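Top line first, the protein sequences correspond to chains D and F. Going left to right, the first sequence walks through residues 16 to 486 as the working numbering numbers them. Going left to right, the second sequence walks through residues 16 to 486 as the working numbering numbers them.
No lab work stands behind these hints: they were computed from the structure. Just so you know, these numbers come straight off a predicted model, no measurement behind them. Possibly wrong hints are sitting among the right ones.
The list makes no distinction among identical chains, and a pair is therefore deemed to hold if it is satisfied within one copy or across any two copies.
Computed list of lysine-lysine pairs in PhoX-like fashion (alpha-carbon distance at most 20 Å, straight line) [as the list claims (entries may be wrong)]:
#  : residue 1 : residue 2
1  : LYS36     : LYS436
2  : LYS138    : LYS330
3  : LYS412    : LYS127
4  : LYS127    : LYS436
5  : LYS462    : LYS360
6  : LYS142    : LYS323
7  : LYS142    : LYS462
8  : LYS64     : LYS462
9  : LYS436    : LYS412
10 : LYS173    : LYS321
Number of protein chains: 2
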Amino acid sequence: MSRILKRFFSSTVTIKPTPSKTHHHQPIPSSNFPSGYLLTGIHAGVKKKPGLLDVGLILSTSSRPTSAAACFTKNAFKAAPVLVSEQVIASNAGRARALVVNSGCANAVTGKQGMEDAWAMVKETDKLLPPSSSGTPDGHETLVMSTGVIGQTLPISKILSAIRSQREGQASLGNDFAAWERAAKAFMTTDTFPKLRSRSFTIHGREYKLAGMDKGAGMIHPDMGPPSIGPMAAGAKGPLHATLLGCIMTDAAVSPASLQRALTYAVERSFNSISVDGDMSTNDTIIVLANGAAADAATPEIDDAKDKEAYEIFKKELTEFAIDLAKLVVRDGEGATKFVTVTVKGAPTYQDAHLIASRVSTSALVKTALYGEDANWGRILAATGSIPLSAPLHPDKVSVTFVPSDGTASLPVLVNGEPEKVDEVRAKEILSLEDFEVVVDLGGGDKAEVARYYTCDFSYEYVRINGDYRS
Amino acid sequence: MSRILKRFFSSTVTIKPTPSKTHHHQPIPSSNFPSGYLLTGIHAGVKKKPGLLDVGLILSTSSRPTSAAACFTKNAFKAAPVLVSEQVIASNAGRARALVVNSGCANAVTGKQGMEDAWAMVKETDKLLPPSSSGTPDGHETLVMSTGVIGQTLPISKILSAIRSQREGQASLGNDFAAWERAAKAFMTTDTFPKLRSRSFTIHGREYKLAGMDKGAGMIHPDMGPPSIGPMAAGAKGPLHATLLGCIMTDAAVSPASLQRALTYAVERSFNSISVDGDMSTNDTIIVLANGAAADAATPEIDDAKDKEAYEIFKKELTEFAIDLAKLVVRDGEGATKFVTVTVKGAPTYQDAHLIASRVSTSALVKTALYGEDANWGRILAATGSIPLSAPLHPDKVSVTFVPSDGTASLPVLVNGEPEKVDEVRAKEILSLEDFEVVVDLGGGDKAEVARYYTCDFSYEYVRINGDYRS
Numbered sequence: 016m017s018r019i020l021k022r023f024f025s026s027t028v029t030i031k032p033t034p035s036k037t038h039h040h041q042p043i044p045s046s047n048f049p050s051g052y053l054l055t056g057i058h059a060g061v062k063k064k065p066g067l068l069d070v071g072l073i074l075s076t077s078s079r080p081t082s083a084a085a086c087f088t089k090n091a092f093k094a095a096p097v098l099v100s101e102q103v104i105a106s107n108a109g110r111a112r113a114l115v116v117n118s119g120c121a122n123a124v125t126g127k128q129g130m131e132d133a134w135a136m137v138k139e140t141d142k143l144l145p146p147s148s149s150g151t152p153d154g155h156e157t158l159v160m161s162t163g164v165i166g167q168t169l170p171i172s173k174i175l176s177a178i179r180s181q182r183e184g185q186a187s188l189g190n191d192f193a194a195w196e197r198a199a200k201a202f203m204t205t206d207t208f209p210k211l212r213s214r215s216f217t218i219h220g221r222e223y224k225l226a227g228m229d230k231g232a233g234m235i236h237p238d239m240g241p242p243s244i245g246p247m248a249a250g251a252k253g254p255l256h257a258t259l260l261g262c263i264m265t266d267a268a269v270s271p272a273s274l275q276r277a278l279t280y281a282v283e284r285s286f287n288s289i290s291v292d293g294d295m296s297t298n299d300t301i302i303v304l305a306n307g308a309a310a311d312a313a314t315p316e317i318d319d320a321k322d323k324e325a326y327e328i329f330k331k332e333l334t335e336f337a338i339d340l341a342k343l344v345v346r347d348g349e350g351a352t353k354f355v356t357v358t359v360k361g362a363p364t365y366q367d368a369h370l371i372a373s374r375v376s377t378s379a380l381v382k383t384a385l386y387g388e389d390a391n392w393g394r395i396l397a398a399t400g401s402i403p404l405s406a407p408l409h410p411d412k413v414s415v416t417f418v419p420s421d422g423t424a425s426l427p428v429l430v431n432g433e434p435e436k437v438d439e440v441r442a443k444e445i446l447s448l449e450d451f452e453v454v455v456d457l458g459g460g461d462k463a464e465v466a467r468y469y470t471c472d473f474s475y476e477y478v479r480i481n482g483d484y485r486s
Numbered sequence: 016m017s018r019i020l021k022r023f024f025s026s027t028v029t030i031k032p033t034p035s036k037t038h039h040h041q042p043i044p045s046s047n048f049p050s051g052y053l054l055t056g057i058h059a060g061v062k063k064k065p066g067l068l069d070v071g072l073i074l075s076t077s078s079r080p081t082s083a084a085a086c087f088t089k090n091a092f093k094a095a096p097v098l099v100s101e102q103v104i105a106s107n108a109g110r111a112r113a114l115v116v117n118s119g120c121a122n123a124v125t126g127k128q129g130m131e132d133a134w135a136m137v138k139e140t141d142k143l144l145p146p147s148s149s150g151t152p153d154g155h156e157t158l159v160m161s162t163g164v165i166g167q168t169l170p171i172s173k174i175l176s177a178i179r180s181q182r183e184g185q186a187s188l189g190n191d192f193a194a195w196e197r198a199a200k201a202f203m204t205t206d207t208f209p210k211l212r213s214r215s216f217t218i219h220g221r222e223y224k225l226a227g228m229d230k231g232a233g234m235i236h237p238d239m240g241p242p243s244i245g246p247m248a249a250g251a252k253g254p255l256h257a258t259l260l261g262c263i264m265t266d267a268a269v270s271p272a273s274l275q276r277a278l279t280y281a282v283e284r285s286f287n288s289i290s291v292d293g294d295m296s297t298n299d300t301i302i303v304l305a306n307g308a309a310a311d312a313a314t315p316e317i318d319d320a321k322d323k324e325a326y327e328i329f330k331k332e333l334t335e336f337a338i339d340l341a342k343l344v345v346r347d348g349e350g351a352t353k354f355v356t357v358t359v360k361g362a363p364t365y366q367d368a369h370l371i372a373s374r375v376s377t378s379a380l381v382k383t384a385l386y387g388e389d390a391n392w393g394r395i396l397a398a399t400g401s402i403p404l405s406a407p408l409h410p411d412k413v414s415v416t417f418v419p420s421d422g423t424a425s426l427p428v429l430v431n432g433e434p435e436k437v438d439e440v441r442a443k444e445i446l447s448l449e450d451f452e453v454v455v456d457l458g459g460g461d462k463a464e465v466a467r468y469y470t471c472d473f474s475y476e477y478v479r480i481n482g483d484y485r486s
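Please model the complete structure; the sequences and the hints are all you need to start from.
What follows is the structure in structure tokens.
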């Protein structure tokens with residue numbers, strides 16, 4: 016049917032069902048979690064449906080000081096929990112021992128009341144912590160996160176009594192799989208499965224654990240930077256761009272400054288390299304806690320100024336783990352039927368490569384073509400060329416290749432600026448896979464670092480989900 | 016139904032029919048067109064369907080020199096017709112007398128063959144021109160445009176014989192409504208109606224006419240600048256961001272440099288301020304011709320260095336006319352059911368306001384909410400805050416208002432950073448209109464220039480049209 020005719024053809028369309036993603040949630044042996052943490056998830060009633068967990072708690076019980084680092088949304092309308100967490104980290108020079116999260120309401124654009132509510136969550140959670148030898152100047156040791164609808168205030172008394180329940184004989188805090196899973200469920204909004212992973216690594220012969228969780232399915236195109244106030248502050252400058260929330264806990268001992276540096280690096284290559292819909296939230300936050308519970312008293316905190324080798328191992332492990340967690344968000348993207356990796360190589364700089372990967376990953380035309388399983392490389396190219404770079408792009412050096420995830424042969428569609436005669440049957444084979452990769456090579460050689468973005472397709476289901484979000 | 020449940024609910028949805036837009040095409044009295052032009056549209060066979068016009072010709076027959084100015088896409092993959100038109104304008108110091116356009120094939124990413132084809136179109140059209148007293152250095156006086164699929168070469172012999180037909184007794188060139196309409200139809204791709212308008216204005220007691228046409232429905236988010244080579248070149252630097260093609264003809268006499276300056280100003284506020292899908296094309300081009308046919312021999316060319324007043328009148332008329340033409344493209348946006356004006360005021364600079372208006376206009380979450388007729392101002396705010404500005408934005412000064420097009424009362428939803436208690440029934444009333452305006456006031460006072468962007472909603476129909484474009 017011609018395109019013009021189609022535009023007048025009013026009818027029904029069958030929505031391709033979003034493939035079930037629940038197999039991405041699997042039990043993890045309790046021994047794989049880092050030691051020195053207690054977690055739970057509670058139904059406080061922010062979400063109306065009985066039993067849905069909506070308040071999560073994560074406490075460090077380590078006898079060593081716990082370092083905390085974070086990356087926050089660069090959105091000008093930072094939600095109250097973002098502002099409060101920034102203050103807690105700043106006033107404690109990178110020390111914090113607890114995290115409280117609620118889902119169902121973002122506590123964003125809620126004025127003074129919002130700030131009071133976020134602080135109340137911090138203070139109530141502080142009371143759950145065992146006394147600390149290290150002490151902090153203002154006594155607040157809890158970071159806070161919220162996710163949900165913007166512009167509504169929290170049902171704060173419900174949330175506070177849920178937190179309080181953990182001191183009043185109804186404690187469900189634990190460190191086994193069930194406890195971690197409850198916490199992960201408390202993060203969920205439109206997520207279809209809880210996103211929980213663990214990993215272990217070895218430094219100087221000692222084994223440490225990383226475990227973490229995140230959430231997000233829509234309003235996902237984070238661009239997060241380190242805190243904008245306090246000793247960890249950095250110029251929060253960057254390119255343009257859900258709520259994406261995530262936290263990562265380790266039982267390694269890491270100095271606050273090195274933890275922040277490692278997290279900033281990891282976030283750029285993970286959470287700042289994913290897109291569902293190109294929209295940046297007011298609440299995006301990634302927090303990492305390092306409590307040293309698996310290090311003996313004599314093991315110093317990992318610090319890049321003192322032991323570069325140990326730091327580099329930690330940074331690499333944290334980055335790979337963050338990428339694993341970040342991919343889960345795209346996998347569960349609203350309406351997504353595809354998981355597509357956009358790889359850009361041979362660009363003048365990593366930032367250039369990252370910008371192009373971001374633009375291709377957010378192009379509505381590219382994403383609808385992915386949904387339609389159409390190897391429309393012209394749209395990929397148009398998106399690639401629409402970004403001003405630090406040095407001119409040479410169209411006659413650019414190549415585009417589709418790489419299937421099943422190990423079969425790649426399909427070049429453009430080689431050094433010249434279109435290939437594309438085998439459309441083969442193209443369809445690759446694009447009908449759930450996972451594949453699009454490689455854009457700008458031809459600048461292999462010196463430049465490769466940027467990878469993780470994105471999904473744009474479907475009828477996306478329009479349905481977001482055409483009546485609040486109903 | 017809960018959002019999570021919805022994600023698994025595979026079914027059919029009824030696609031709201033895109034409202035018919037054909038009433039936006041109306042006859043124009045032939046006396047309203049500028050004098051000294053001949054136009055036509057021909058079926059050459061680029062489009063397969065018999066009778067569909069796909070080659071357009073516009074010739075200036077004025078005895079005075081014709082000035083030509085243009086703004087071209089900033090995409091790194093500029094199509095062959097863009098590169099060739101840039102060269103013609105550069106080598107002729109802003110003089111050109113003809114325009115040839117084809118639809119159905121973009122002649123983009125077509126290598127050497129593409130350049131040869133574009134030049135062949137220029138040369139064949141040059142032969143249609145009457146001898147010129149002014150003469151040009153290389154003899155080429157034709158600009159060229161193409162639109163359609165990327166990566167395919169033109170059926171060039173069909174196109175050349177169509178052009179040649181105008182010299183061989185089959186000439187359909189004319190200056191009446193039917194001729195202008197034929198030319199406008201030759202621009203169309205997924206457009207549902209030809210986009211043709213005229214306007215008159217007076218300078219120093221003399222009446223001049225403007226008439227023009229444009230096309231575009233998808234891959235629309237132009238960012239065009241003046242030619243990158245030749246005397247009219249300017250640093251083509253700008254923010255990020257179909258094929259949009261347009262041409263405007265006037266019978267006023269304007270110097271080439273002033274014509275370019277006026278066009279660059281007008282394009283920023285018109286064609287560079289529209290978005291259908293946020294995707295920038297490799298072919299976007301706007302051309303203006305000024306042939307002086309309505310000025311007597313003694314009337315000098317309008318030039319801002321010599322007669323500022325006349326120049327300012329011309330610039331204002333050109334800008335308003337360009338906005339009228341640009342709006343038609345959004346009105347006909349692929350799958351669009353809404354025409355929404357996004358106005359940003361009180362920003363530190365016009366560029367800041369323009370960037371925010373652009374971001375709000377391209378947000379997938381905002382556009383699906385518009386489709387859903389949902390006053391989800393939280394998404395508007397999140398998009399507003401996601402752009403780094405030249406000065407910090409003050410969240411507590413920001414207001415958001417929905418303004419209906421039917422003259423009834425506006426609906427403030429956020430005032431000085433505080434959410435209003437929104438009358439949802441009234442909100443639905445406004446959002447169910449086909450036309451309305453979203454005003455984002457950053458609270459920086461009325462000194463800053465107001466930026467306006469014109470956008471549409473994101474519908475099931477958009478996904479359908481673009482999910483299988485090439486089929």
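Do the hints match the structure? See the list:
{"no.": "1", "hint": "LYS36 / LYS436", "verdict": "neither (36 Å within a copy, 38 Å between copies)"}
{"no.": "2", "hint": "LYS138 / LYS330", "verdict": "neither (32 Å within a copy, 61 Å between copies)"}
{"no.": "3", "hint": "LYS412 / LYS127", "verdict": "between (55 Å within a copy, 14 Å between copies)"}
{"no.": "4", "hint": "LYS127 / LYS436", "verdict": "between (61 Å within a copy, 16 Å between copies)"}
{"no.": "5", "hint": "LYS462 / LYS360", "verdict": "within (9 Å within a copy, 44 Å between copies)"}
{"no.": "6", "hint": "LYS142 / LYS323", "verdict": "neither (37 Å within a copy, 72 Å between copies)"}
{"no.": "7", "hint": "LYS142 / LYS462", "verdict": "neither (52 Å within a copy, 50 Å between copies)"}
{"no.": "8", "hint": "LYS64 / LYS462", "verdict": "neither (53 Å within a copy, 49 Å between copies)"}
{"no.": "9", "hint": "LYS436 / LYS412", "verdict": "within (18 Å within a copy, 56 Å between copies)"}
{"no.": "10", "hint": "LYS173 / LYS321", "verdict": "neither (46 Å within a copy, 73 Å between copies)"}
Violated hints, in rising order: 1, 2, 6, 7, 8 and 10; the structure is consistent with all others.
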